[in-house]
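**Q** Protein chains in written order, with my numbering: chain Y, 2 to 421; chain S, 16 to 377.
These are computed hints drawn from the structure, not numbers from a lab.
Virtual Cβ for every residue (Gly too), placed ideally from N, Cα, C.
Any given hint might turn out to be false.
[To be verified] Using 20 Å as the maximum straight-line C-alpha spacing, the simulated EDC-like pairs for lysine to aspartate or glutamate come out as follows: (1) K104(Y) <-> E144(Y); (2) K293(S) <-> D270(S); (3) K231(Y) <-> D282(Y); (4) K222(S) <-> E49(Y); (5) K50(S) <-> D282(Y); (6) K328(S) <-> D94(S).
[Stated by the list, open to error] Listed next, with one range per pair, are the computed distances between beta-carbon atoms: (7) R84(Y) <-> Q58(S): 51 to 57 Å; (8) E398(Y) <-> Y29(S): 31 to 37 Å; (9) K293(S) <-> P196(Y): 41 to 47 Å; (10) W133(S) <-> W249(Y): 56 to 62 Å; (11) G208(S) <-> G245(Y): 56 to 62 Å; (12) G208(S) <-> Q136(Y): 33 to 39 Å; (13) A74(Y) <-> G252(S): 57 to 63 Å; (14) K293(S) <-> E415(Y): 28 to 34 Å.
[Claimed, not checked] To list a few chain S residues with every Cβ distance to chain Y over 10 Å, as calculated: (15) T17; (16) R40; (17) R43; (18) E111; (19) G127; (20) P158; (21) G196; (22) R231; (23) L240; (24) R244; (25) F265; (26) G295; (27) E307; (28) S354; (29) P369.
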Amino acid sequence: MLISRRELLSGAAVAPFLRAEQRPKIAAVTNIFFPYSHAQHIVDRFLEGYGWNGTHHHPPMDLVSLYVDQVGANDLSRDRARRFPGMRIYPSVAEALTLGGGKLAVDGVVLVGEHGNYPTNEKGQKRYPRYEFFQQIVKIFRESGRVVPVFNDKHLSWNWEWAKQMYDESQAMHFAFMAGSSLPVTWRIPSIEMPLGAVIREAMCVCYGGVDSYDFHGLETIQCMVERRKGGESGVQWMEAYRGERFWQAYREGVWPRELVEAALCRSHTLTPSRPGFHNDFPSFDDMRRLVKDPVAYRYQHHDGTLCTMLLMNGLLQDFNFAARIEGRAEPFSTEMYLPMPPARTSLASFFSPLVHHMEKMFLTGKPSYPVERTLLTTGLTAAGVESLFRGKSGNETRYETPHLAVSYEPRSESTFWRT
Amino acid sequence: MTKRLAVVTTVYPYLADRFLDGYAREGRWHRADMKVVSLYLDQKAEGDLSGQRAAEFGFRVYPTIAEALRCGSEKLAVDAVLMFGDFSKPCVEVFETYGRAVPVYHDMQLSGFQNAKWMVESARRLNFPLLAGSSLPVTWRLPDIELPLGCEIDDALMVGPGEPNHALEAMQAMIERRRNGETGVQAVQMIEGDEVWKGGDDGRWSKQLLTAALSRSDTPQGLTLNDGRTQDLVASGELPRLVRKPAAYFIEHRDGLRTTLLMLDGAIKDFTFAARLKGGDILSTQFLLTPEPEATYSACLAGKIEEMFVTGKAPYPAERALIVTGTLESCLGSRSQGSHRMETPHLSVKYQPPLNSQHCRS
Numbered sequence: 002m003l004i005s006r007r008e009l010l011s012g013a014a015v016a017p018f019l020r021a022e023q024r025p026k027i028a029a030v031t032n033i034f035f036p037y038s039h040a041q042h043i044v045d046r047f048l049e050g051y052g053w054n055g056t057h058h059h060p061p062m063d064l065v066s067l068y069v070d071q072v073g074a075n076d077l078s079r080d081r082a083r084r085f086p087g088m089r090i091y092p093s094v095a096e097a098l099t100l101g102g103g104k105l106a107v108d109g110v111v112l113v114g115e116h117g118n119y120p121t122n123e124k125g126q127k128r129y130p131r132y133e134f135f136q137q138i139v140k141i142f143r144e145s146g147r148v149v150p151v152f153n154d155k156h157l158s159w160n161w162e163w164a165k166q167m168y169d170e171s172q173a174m175h176f177a178f179m180a181g182s183s184l185p186v187t188w189r190i191p192s193i194e195m196p197l198g199a200v201i202r203e204a205m206c207v208c209y210g211g212v213d214s215y216d217f218h219g220l221e222t223i224q225c226m227v228e229r230r231k232g233g234e235s236g237v238q239w240m241e242a243y244r245g246e247r248f249w250q251a252y253r254e255g256v257w258p259r260e261l262v263e264a265a266l267c268r269s270h271t272l273t274p275s276r277p278g279f280h281n282d283f284p285s286f287d288d289m290r291r292l293v294k295d296p297v298a299y300r301y302q303h304h305d306g307t308l309c310t311m312l313l314m315n316g317l318l319q320d321f322n323f324a325a326r327i328e329g330r331a332e333p334f335s336t337e338m339y340l341p342m343p344p345a346r347t348s349l350a351s352f353f354s355p356l357v358h359h360m361e362k363m364f365l366t367g368k369p370s371y372p373v374e375r376t377l378l379t380t381g382l383t384a385a386g387v388e389s390l391f392r393g394k395s396g397n398e399t400r401y402e403t404p405h406l407a408v409s410y411e412p413r414s415e416s417t418f419w420r421t
Numbered sequence: 016m017t018k019r020l021a022v023v024t025t026v027y028p029y030l031a032d033r034f035l036d037g038y039a040r041e042g043r044w045h046r047a048d049m050k051v052v053s054l055y056l057d058q059k060a061e062g063d064l065s066g067q068r069a070a071e072f073g074f075r076v077y078p079t080i081a082e083a084l085r086c087g088s089e090k091l092a093v094d095a096v097l098m099f100g101d102f103s104k105p106c107v108e109v110f111e112t113y114g115r116a117v118p119v120y121h122d123m124q125l126s127g128f129q130n131a132k133w134m135v136e137s138a139r140r141l142n143f144p145l146l147a148g149s150s151l152p153v154t155w156r157l158p159d160i161e162l163p164l165g166c167e168i169d170d171a172l173m174v175g176p177g178e179p180n181h182a183l184e185a186m187q188a189m190i191e192r193r194r195n196g197e198t199g200v201q202a203v204q205m206i207e208g209d210e211v212w213k214g215g216d217d218g219r220w221s222k223q224l225l226t227a228a229l230s231r232s233d234t235p236q237g238l239t240l241n242d243g244r245t246q247d248l249v250a251s252g253e254l255p256r257l258v259r260k261p262a263a264y265f266i267e268h269r270d271g272l273r274t275t276l277l278m279l280d281g282a283i284k285d286f287t288f289a290a291r292l293k294g295g296d297i298l299s300t301q302f303l304l305t306p307e308p309e310a311t312y313s314a315c316l317a318g319k320i321e322e323m324f325v326t327g328k329a330p331y332p333a334e335r336a337l338i339v340t341g342t343l344e345s346c347l348g349s350r351s352q353g354s355h356r357m358e359t360p361h362l363s364v365k366y367q368p369p370l371n372s373q374h375c376r377s
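Pulled out of the complex, with its shape left as it was, chain S reads as follows (with noise of 0.2 Å):
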């Protein structure tokens, strides 16, 4: 039977269209088996999509989200919830009120890990399945690689752009494959400016790993952008050039892994990884964010959570959003303490990833 969905969000998500118009998926336009019944906008921006959305694809823009999930009648009246932006707290309320929940999609960006964990625990509590996060970890990866299931990492590192959020869930997605899965995180630390530099001359992150990093870029900047010469960034010295503020995210592990995320605005745009394997294989990739504004990535999320709308499990567990939430709040609270060394007794997130990948790749 046709699912019905409710999209709960902050501002018009474009991957609801995913649910409107379709999809690529496998080398076919994909239309999953159900329909969006009703939306809940919570700020209306300017150029807004959804009245129109609505009128072509018959459904309705509701004032509150408990309406929305209601479709105007006195019971949840949907299959399965968009949520853009967090109103977990309504949300579960109306399960809460109905004696029923359904299945949650979640971007999880921007709440703190308080509500995050509340939302984690809410889906256990009313057990109702929950997919969070954002197309990043799910997106093509060139190369096409995973580590091994139960490998053990001697050390990973992430780069990117931006802002660190995305950067950060996509390298939780590969090393929670690590030996034992995630055992949550014992304590960070971030640090900003030349610090970021000493602490590559300190050995404090591996040049080796950021060397295979940017090997998988596709848009170094400075002298590339002059002449589309290729550049070996790490060795020539041009990074402290081309970043004016970079930022280290140092995060230990509570089984002993330590990983870095490198925000390196100015040096390149595109996201990359490196990871060196006990006995010193590295494996590095790129994940890969197609043009805007077709951001076919999207649909890469878009496959994922239409499988849990339709199985009912979530292809991978909420916790590694949580994780990550949780994570990069308590680096930003390192930044505002002086960049000091900071225990994180509240992120013992544990979990056990996925068996099969979960990544484009078909």
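Bound conformation, chain Y alone (with noise of 0.2 Å):
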């Protein structure tokens, strides 16, 4: 566990663990636990350890309750809870922090409300339970009368209202919460950080996945670099999404750079061969239009004038790429960020170690690596895209204005991402 000196010093930033030498307990809260879930990458990290910095790393702390919303066929939690004596699994959110007592009996809660049979509503948003799951575990601490530190697993809630409650809970009982997906803090490749108060005109992550799920991921890339843009985060102005052949239309007039796709695609290593019996070549726009079916775009602006462009290209990439236009720069910024995703590429999915490296580092020092006001922004932001398409399908304006974006903040000056 990396800890500086600086937050050693400060009394304040420095949970009880740290002087006490003691090992916090966590609780995990789950929709579901199968292989290659998001319950199990990140559940398992806390109980066979992971590889961090050079060796294989255990967390300082205990996993003591398990939360499963729904047992499935394949079913993995019972299995380990039965390899790991020391985790329970309780039949309830409340239990699982109390430990079965009358009282919160844990020192910090993970909660991963991904995958799982739950109901999609009409603008095709999967209503995971987050804010259901929240709100018992804000209950517990409230019933308790102490607080301690929350991690969600990506994006808040896939309702705007809800996740901003959340927030707002958040902030009115004053517990450390954390929460988004592994894009922001894995590998990058090149491992290049944006600097701190760069002047951004434009930003664009080209990437891939669906609506109401990857198109959050893509946010994330945007925002972990823009927010350390010139006066931080500002909040988003309005949103428009584009999809099938207004996309096209939009890519051909140029209403996003073309010059930044482009930077963002050479730092693909998923490119689609464009032509038969080539490998890694470029390609035109007429092969874009071949291989990607349903192109998705969110172009939305920021208060202080930052443009960013969000590109959902299936068919002709399977990864995550950022490029931004810099004021003093005459090339394109540009990186991937990189996960090594099973079971095609690899059999671990390791970008969910630099994830759980900083729910450690919060459980133990009660401070979250980076602020949640990024993904209260991003969870907004999907759900203005996905609101922007559906207004867009029922044959209205698509241009969504989002007074409730306004959502400033001050990133954190040093890196969170995996470069160790």
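Assemble the dimeric complex from its two separately framed chains, guided by the hints.
**A** Set out below in structure tokens:
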């Protein structure tokens, strides 16, 4: 565990565990636990340890309780509870937090509300019960008169109002709250950071995946970079989504900078060969049109004028690539947020390792490694993208004003992506 | 002026495409100011692309190496040669005949030590730049580290699957940066089977370094394939169950450094490295082989080849590939003679590493 000297010297930042050498107890609240699910990747790292900083690291804390909302045929939670008797499965979120007693009995909570069989609404949003679980968690906090740090995997809720409420409650109750996915914390190829205070005109992520799912990862890829710009984060004014023929028309008309798409694509390791017999060529506009059947773009503007675009280009690539136009630089700034993704490319989803590292750090220090406001904003952007697409589908104006996304915050000056 | 390239090869190499169709470099699609003008193909494999490429990109396929290098004229008519397979002798003959030599990239994978040595000496004698080796030393690293130039290495260990040549080359690219550079290899030994595990128990190779190297792997096999779990393969004792035919290559360098290559087919599918420096610091990394068929890692090598063709200077010495070829040959010799330790007086290959890092990092 790497804790800076400054954090150690500042008494307020030091959680009791650093002084008392006590092992924190952690509860995990999950939707479902099957091979290669988020719950498996995260919980296993606490139980089995993981490769970190050149050794097999065992977190200095105990994951003692687990709630699993849906137990499927390929469930692994029972196997894990058998193999790790220190972890017990509880039938409710409340009991996982109280360890069956009357009061909060853990020192940190991991909420993994991903996968599982949940209803989808008319806009195509999967109604994962993150908000509902969060409410059960804070209820125990209230009843116990004690709060502990909470990590929420991915975005806060599919529903903006609920997400905002989660954020507001964490603020009002003064507990450490951190959220998001691996994208901001995984390896970058090349291993570079956005200079703090850069003046960013335009930023872009070219990636893949579905709406109300990987779009969030693309938005996080952009946000963890642009939040470091001059003046910090100021929030987002409007969002406009493009799909299908409207996407290609916008692409052709230069609604978003082609130069940045090309820079991002030049960081990809998975560009689909566009011509038979070639393995790694650069696609023309026509190649893209042929390869990408259902392209999606989210274009949005921050209050300080910075423009961002997230492109989902399934069929063209299978990774997350960032590019930005920065004042004072002739060439675009670009990198890949690298996910060693099983099962095709790897066996281990190692990008969960830096995520668990930051959870550990928060559970030990009581301080989130990066601001939850980032996730609040990207949660809102994901919902705004879905909303804009929905409006377009219904034949309405696609540009969606987002006064509710006036989320402003300062980034951490230190880098938190994986580089050691 | 646009450089004219000849490709001399066993089968059509995809690396040549990088010089026809460009490659991603530092966030741009880069097209070298070079033109492939001729190709010699030793074997026409099924699905051979050379005819198609020649037609599309306007070069000719010649029946002999000499003709490919002369492009139908009576003199050397290319500015550089991309060589895949051991065609050193016919190529150098052409250089000597016409009294002019040009830069050569040579994969040096299938040459024996004597042939490789002859090529390195020819390059010195005829004063042409020679770049040799594969993509592994120059690909991206996770994390992006380099051993400090002039460091003192206590112990180093490389792990890989498949054939040992690339793994050995990647390790050499790391350890050549030690104090005084490469001094040559004094003796080697290759062991296989249970002896490898026994070697670990006896401290012939470091379990701590193996743990460090494997902590960088994204491809542990066995239980991870069943259910995605992380594994400490060394502490769990799973390795002997996963690896049917383990092999250890022990290499004693002339300056006293001992290094180990462990080929652990069945345990992992990627290439990782760990070294303990004097003072105890352990550095470890993965040499990233990006997915096939795109094989973007080969763009890293293409960049180095292009650099040599432009500057006339090899960015790193061909002696690296030479010592790797010789070490590997001697290791296989050790195995065929009962896995005994084998002295290697012929491997007195000395060289200094490049001052700057040569792998992809920008």
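**Q** Taking the shortest Cβ-to-Cβ distance between L240(S) and chain Y, state whether it exceeds 10 Å.
**A** 5 Å, violated
**Q** Per the hint of 57 to 63 Å, is the separation of the Cβ atoms of A74(Y) and G252(S) within bounds?
**A** 30 Å, violated
**Q** Against the range 56 to 62 Å, how does the distance between the Cβ atoms of G208(S) and G245(Y) compare: consistent or not?
**A** Holds, at about 59 Å.
**Q** Report holds if the minimum CB distance from T17(S) to chain Y is greater than 10 Å, and violated otherwise.
**A** Its Cβ never comes within 10 Å of chain Y, the nearest being 20 Å, so this holds.
**Q** At 10 Å, judged by beta carbons, does G127(S) keep clear of chain Y as stated?
**A** Correct as stated: the minimum Cβ-Cβ distance to chain Y is 30 Å, above 10 Å.
**Q** Just checking, E111(S) versus chain Y, shortest CB gap more than 10 Å?
**A** Given that every Cβ of chain Y is farther than 10 Å from that of E111(S), nearest at about 36 Å, it holds.
**Q** Are all beta-carbon distances from E307(S) to chain Y longer than 10 Å?
**A** 8 Å, violated
**Q** Holds or violated: the 56 to 62 Å window for the beta-carbon distance between W133(S) and W249(Y)?
**A** 57 Å, holds
**Q** S354(S) clear of chain Y by more than 10 Å, beta carbon to beta carbon?
**A** 30 Å, holds
**Q** Sort out whether E49(Y) lies within 20 Å of K222(S), counting only the CA atoms.
**A** Measuring from Cα to Cα gives roughly 19 Å; hence the hint holds.
**Q** Checking one constraint from the list: CA of K231(Y) to CA of D282(Y), max 20 Å. Satisfied?
**A** 36 Å, violated
**Q** The output says G295(S) does not contact chain Y. Does that hold with a beta carbon cutoff of 10 Å?
**A** Given that every Cβ of chain Y is farther than 10 Å from that of G295(S), nearest at about 12 Å, it holds.
Checked against the numbered hints above, the structure breaks hints 3, 8, 9, 12, 13, 16, 17, 20, 22, 23, 24 and 27 and satisfies the rest.
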